[in-house]
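Quick one: dock chain against chain with the hints and give me the complex.
Protein chains in written order, with numbering that gives the first Met the number 0: chain A, 0 to 215; chain B, 0 to 1011.
Read the hints as simulated data drawn from the structure, not as lab findings. None of these values were measured; they are calculated from a predicted model. Each statement offered as a hint is correct.
Computed beta-carbon distance windows for the label pairs:
hint, chain 1, residue 1, chain 2, residue 2, range
1, B, 65, A, 65, 58 to 64 Å
2, B, 89, A, 74, 18 to 24 Å
3, A, 19, B, 89, 43 to 49 Å
4, A, 74, B, 835, 34 to 40 Å
5, A, 19, B, 65, 29 to 35 Å
6, B, 66, A, 123, 27 to 33 Å
7, A, 74, B, 183, 48 to 54 Å
8, A, 150, B, 674, 53 to 59 Å
All residues carry an ideal CB built from backbone N, CA and C; glycine is no exception.
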Amino acid sequence: MQVFPRGSNAVATAFLILLAGGIIAAILLAIILTSSHYAYDQNLTVEQPVPFSHKHHVSDDGIDCRYCHTSVMVSHFAGVPATHVCMTCHSQLWTNAEMLAPVRESLKKNEPLRWQRVTSLPDYVYFNHSVHVQNGVGCESCHGRVDRMPLTEKRKPLTMQFCLACHTNPAPQLRPPDEITTMGYEPAADALSGQELMAHYDIDTTGMTDCATCHR
Amino acid sequence: MRRLKTTPDKPVTMDTLRERLAASDSGPQYWRSLDELADTEAFGDYLHSEFPRWAPIWQQAVDRRSVLKLMAASMALTGVTACDRAPAGKIVPYVNMPESVTLGQVSQYATAAAVGGYAHGILAESREGRPIKIEGNPDHPATHGSCDVFSQASVLSLYDPDRSDTVRRVGEISTFPAFLIALQAHRTQWDDSGGDGLCLLTGKLTSPSQIAAIEAMRQRWPAMRWFVHEPGDSAAPIAGARMAFGRAVEPRYHFDKAQVVCSLDADFLGLLPGYLHYARDFVSLRRLREEQPNMNRLYSIDATPSITSAAADHRQRVPGDRLEGVARALASELGIAVDAGSEMAVDRQWLQALAQDLQAHQGEALVLAGPHLPPAVQALVYAINEALQAPGRTVEYQEPVAVGHEADGLADLSKAIDAGQVDTLLMLDCNPVYTAAGDLDFPTRLQTVPLRIHWGLYFDESAHYAHWHVPATHALEAWGDMRAFEGTASLVQPLITPLYHGRTALQMLHAITAGEETDARALLRGFWRKQRPDTFDQQWTRWLQQGVVPDTAAAVVDVSMVEDWQTRLPESQPPEEGLLLQFRVDPSVWDGHHANNGWLQELPKPLTKLTWGNAALLSPALAQKHKLREGDVIRLTVAQRSLEAPVYVLPGQPDNAVTLNLGYGRSAAGQVGNGVGVNAYLLRSSAAPWLLPGLTIEATGAHRQLATTQNHRATEGRDQIRVADLATFKDKPQFAQKDEDTPQESLYPEPYVRNRLSAYQWGMSIDLNACIGCNACITACQSENNIPIVGEAEVARGHEMHWIRVDRYFEGQPEAPRLVFQPVPCMHCENAPCEYVCPTGATQHSADGLNQMVYNRCIGTRDCSQNCPYKVRAFNWFLYNGPKARHPTPPPVQNPSVTVRARGVMEKCTYCVQRIQAAKIEHAKTDEPIRDGEIVTACQQACPTDAIVFGDISDDTTQVARTKRSPRNYAMLGNLNTRPRTTYLAAVRNPNPAIEELERGPQYREMGHATD
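Chain B with its partners taken away, still in its complex shape (with noise of 0.2 Å):
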């Protein structure tokens, strides 16, 4: 990578993108704005100034004079802050110890938490009783031991301090002893009528026992009427195979035996349910062994760039309102008799090479379909991987596992609301007046209703709509369960008792059917001591000590296409003109569910790198047509309902269609999330979730700063990035390694002086070729380090505190740019440059390799940083803990084994150096040597494809050292002879010869291929 030649500002257009491009040396260019492409003046001043981020901090100007009084007084006053002695602080030993716990030592707890109603299998590590740290469980058969950014962050949520915490009646304060006598006369009434005008509503549901809890109501109560509104979800995956193959299943599929995969804009890596397990089966053959120089390839389809278009070998994109034309294109390609349609949005040559591609792997193809695509495309799909011999090999097909499906939506609801059917509305755990799509104009219906019970974490938009209001338990205070994508039953076990006296589901459930309080605990054990009478009381500590209750993986099932699939299909009818709007769920706040979650607010978004809110994302073609740049806010209509919105130019995108993120735009989320971005459920239509044609969108004239990270910490264009494709690797697989990688010169000592070494030597590698780029590591190291949440404002002048970060670098035409991440955490120099300028030696080299950076030395100079080639270090430039911070993270959720840092302090990634101490400690207390694997830092932990390995690189058969054996290994700026302990593993893509043929246009410069 070079960095482009700097020219005179013009206005930036595509065409000078073009130029830029064609006028530069030749190899790949990996940029990662427009603006740093376009090099526009803002950006080179954003460069170049030493620390941007610091300019805006001083609102006025401060004069001279003052500043050296300034100067001169903390000169003077600084030995007086040593004065002070710390306060004494009290010993408050138990009363009665219990007997398992030994105060100082981290337990772990099984338990699982849910990401769009499925259970991910997570562990909870528990301090003196406190929940501090979530990871993934490995015992778990749907995540494998890895885990996801909601997950991890769901233990901040625990200690919210905005969540609900009192039963409420109409908004005053009240008692559960009351709820339950307010609800005898309505429970009396519903025994006479058989529950006539009773309706309940709730989430996708997937918990055996609520499901059980609900049956028992609606058998108390036959005329109860129950309704499900998941806002994230679709039930077309379903309907699809009820066309396809006349009854109700749905997919699960096989990564690790898919050779070539097609996703029809199926985010598989990144949303759809199991993306942890997919994630990781679809990696496992991308690892390139040198004796197998081998690997699958992806193909994506999509309307909107996602983290699993970053990972295909080809993207077309597709506008989400031709992508059944594509379907439609693909099938008969591949010799199955349907209507092509007329429309095509994919170049014919390219979907002809494609199918060629999918038959050749008969058997090791996969096909699939965003669950919010129509049933038809669904169906489609279900033929065309029938045509390719997948079922029962890439692809099986199980029982449904969340009940609902068959349920009515909130559609359904308004209607009976209308009817004056509902009497008495239960919504438990939903949120339907933020969620329900705008033309349902569901708070006016819901007012009518005669009698609202809300039940739920927080007071949120709902909740001021109940009458009465139940506060739920945290799931890391409750007793429950709920099942995988793949139906495995996984048991939800309580760390803590409810800080706020909440009420678990079943407990919920249960006051209503039966009218009394009960005990949570033996709520759930009652309802599985029923399924499983023999085993119960042999097994019930073995499940809850695994998270999981063995064989309860939902029973695939044998379909085969019906005889007239094809006549279920509903006419192909060529898509309208003009503007699309798409809906998606947004990667860090979900449907909205996490908005007042500070970790996920600040979690940089993977392709936007947006942090605290949403933009409508646009093409870079259609935001030039507009003459918009990102941060313009226009207006966007829509079915005559209109919203305002930050513009955000995405490379990739289509040109026809705008992608909106749900999830933000709250009211009554708290305190962090009230008020961040726009609330796209406005615009959203019952009948059509995820897409609506005739868009229009017009400038407002106002602009907004967007808190982006993408061009944070920029190096300049330096040569960070390295990928070629697979002929590349074969033919020369120690491409990455490059002759300038050599240092020339050196400002250190020449040979490297090796003393002072122990017995271990840490170091890291990060394959490029796994990371998919999803942000677990981020709210990983988050969680462990006691990072601060700082802020918009603060993010957006590049405060942000993240020791981690996942750099995404476009690559290509600014149109369908090709996609890279690479997380960088600290190198971990040998010849640290930060190490050679601080004046207080605060940060010092440790006998084992690692860059230590020791706070209290720390006075704020911030030469490290200045220093530092990798610009991995974060300065607290304010008090980001304590009560007087804008967002201070809840004391007890803290790592009690890391310091929390304070302001003018410095920081960065320690390798996780309180695990590697506790791994010495234990063992210099038994004299054994420390295993390969038994430390593993936080990202490396989460990481859902093992993309991260640590471990003793003096030790040559660990793994991180073989690792680094590979040729693939490379040294980010290794040129400066820093000779840092992480390095990376260059990416190879797979594409494909014929369809690389048809792209190499008259500009084909061997893009994608390394030069030497």
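Extracted from the complex, chain A is given alone in its bound form (with noise of 0.2 Å):
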């Protein structure tokens, strides 16, 4: 007795092809999704309070990124200013500006403005600014071209695999200690190479890849 119509087998066959086919476009996709700025929030703006520009600020008016981000060279923490710092200058300049509204309002009511994170790093993950910069990586490395972002947004991936390439090769990264803060560094002819710049910070590889390095 014949059970199955006559064209099952056409279908099964469909299904079997269609099935592998699925999941090889699933895999693909998923390929495709985990290695696309959309996974990790890349070249994404938010809405922030005043819209800073670090274009502006780094660029036409070139101040240094230590001017506000104080605690960079000590500590884990770059740090973000204090609302007494933006006055500085913004109790001179463009003090009726609409734009800057809440950082007036923030002083007056003795209340901190309260920025969006931009660049994130999971909770298991403790990452030191300071012994960053002093060893030659550059705020550019890790933070791109912040010159050139009228709004901050997040340019590298920031994943696990973006750290590790430089903690198992750290020499393309390193620059001499006067261009840390250089946006768009380009080593001069006669700079010293990325090797000397391992010797010179006394960079050792050997554990840099240990868990514990960065997780603990």
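Below, the structure is given as structure tokens:
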């Protein structure tokens, strides 16, 4: 007795092919997605209480990163400026600008500004700014060309793979101490090579990829 | 140590135990519990079930189909957890950043914590304005940088959500100004009457500024009366001094000069004021150097085992009421003309040997008595020390540090209440409703007082009886001062604005006297400016920085025995027959003050390893006589009052004395402490607070499982402890290194492959000779590494999360065993068995020799724990943190440098890798090498005896490398070839040969000697 109709074989074959294709497509989609900017919130701007422009302050005004991010050389946290730091200039400049109303409000009410975090690492990652900038890693290496960002955005994926690439081979990312905050740094012809900078900063990569270097 | 042979189960009796011990192979035997010694079926089952701890979790059986369904579902859904995005979070900068702050950096402030009223110098660590950790203050002369469990755990109490948060008037929310207004009418009245009817009740006070404030109050209202009630304290040493010297002085000991010490029930390592200092001094003479292998000798004659008796070279157990007889006999052996008494609780030859040893060390000997022993014993001990030429050498007498020994106590207050002399009672930082002895019926009496005012950290039992309650500040929020055991005035400074609008002691006293609110800092500064008018302005900041006011130690007094001191002694009376009930301050919650602190509740008590509660401690023989087992609930009846308590059978307890710890059974401590344990105060008598004769016990038939950790993580009696006596050590210093430690076969590649080594190789050494079992390391680790509180039920299942445990081993006969403590953190094996079996690579080896745990890779198979021979890994069976947890740790107290682990993750000691990394980062910036001693692990920092040493073992000059070269160095389970980075120094005892001879009975089998 024939249980299945005549077309069953064709249906079954088609189903198997579709299934295989579906699995392959799903894997491809996963690969594409996980390596996309979308997965890591890259190149997205977020709404901030004040539309602060790094481009204007860094590129047009030439203010050094450390003027506002004061603890970057000494602490794991780079520091976000207190309202008073903004007001050093803005008590004199653009004193009535609509855009800066929240800053003046913050000062008046003694209530802090609440910025949206743009660059964020998971809680189990312990990143330390000071040890990187004091050992030749420029701001640009992780934060990108901040001087070209009218609104701040995340430029690098900041995944474990991204971190490990440099922890395994730091030489290409190193700069001389006076070029750390430079944006668009190009080594001069007579500049120290990556290997020479490794020696200069006394960087030993043994143990730099140990789990506990970042996870505690 | 060898595993005792298993025999078919018989009822466990003392005879069976002795049989087992006798039948075992030669060599000392170490055991953790009577169950283990008896090898009962229950213990066998416990040990052999692979994960004894998870069996009872599933309350009901789950069928196979459901298990498969769940597994399939979790398999299918694992990926889904990765789909959500971490919440982005906000950055909230300051409006105006304070000048001294660098965000992300740690700052430490010197301040002080009170333990039994005395100051322990601490450094409180602050991160972004939040106190998160307490460490010892190295500049403090009384504590020298070490720390105790109570001071360390106090940071958890700071954030306790159960703290009193508002002024209350008969339980209703009120305000401080309203309190001041209500007080005004009474103040006018006191002004008129000179303070008649006004009574003040405080704890033991050492604070110079508070005492001055009370004096000012007395000046204003001379008829005011001041009562002092400190439930864990005793005025006997001072009363004894009056008897012996004719004046009030108290002893201060110098253990660093005492070669022979005899303690009469004085727990100078764990309870006596100044115990951190004493522990350091005592152990300083037990540090063995090869070139000079000498050490002190400790005799302990005590009524209940304590960590001091555990450290003793010779111990006698004597019920508390017979200690006076022992003191008399010892005095007369030493040629002091006193009535020696007829009763003798200690073998005479033993006592003679002790007396000879003391006499042979004139000027280097010290005898001390527990403060709870009667004044007569204190006077006898003063006389004995005089005869041994101890004064000026091993003991000095000082002006009493605390005031209040002159003051009346709670019994007098009760009398005054009965006489209608008390119109207003101010209860300042004390809880008499809970801590009053049961015979006073204090709560009922208190209700007859017309006005009752309470000031304290919690809305506790006494606050419920008060008309007005004012919340106090926590020590980390307060300006204040107090004195250490040797008198040094220590300053208390705040690290944070009061979280609950509390008032400091000075503010409260000032408010009562002056009727107004004043700035806390101004009050303290005002007092010290008056004390030191010349130097105050230049020195104040420096005092705050160091935490102490210099040159404030109590004056040493030259005293001598009065002529007729013997006649002042009361007649020696033969002790009553029958059972004795003894009370002790609890080593975890003290007098109940710390009952709402989860870290302390979960801290296994040094001797019993009990957590979350107290129990009636019975000797094995007494338990056998009444057919009682651990956990059986008995009814204790004494002086017509009775109390039901579970039994704990403690080897080494005197047969006719039952000990019960104070501090439990609270009803208004808070969510953590309410209803934990039984309230021993109910049985206490105000006339004889420390021991009561005429106890009867009867079984109730009920049984309670006690949350004791003594059998947890046992390793089938493998050879983990090495002890020898001094003679053996001198003869063969390498006694701890045994041939069988050399691995015969190895699962690991041989020879050991050293690849990928960084410049530093971390290692640790733990000196078993220095470890006194005080638990400071456990609390330090808990605080530093965000270790959760799991609760009583979870501890009973063996789910406690501590990364370092202190194993307590008994050795010898169950009546009078010797004790050894062994702290066990992760061994950081070079050949780590755990690393080989992790399916996800969540545990990895680092180039500097750490066995790292990566929480975000762990999927919770628990293979690593299964394969760990040391059983040092702890698994998060449930979510122990967060709003749904039973005992969540308040988020502000969590160390931001350490991950807070989630459910389903394995964790273990990391050698405080966050501290290692912090040092490495600092040095990577400067390119200077890390100095030896720069990285201090949390356990090492707290240790009062420096038993734990940590550092770089690849550098021969470091302290840890030097320590590991000691002949006493050995690796635990070295034969497994795990190559542990944590190694131990074997313990050495210094028994008196004369007594060894005496005790060398037929069963004597070179106990305490190492076997080859």
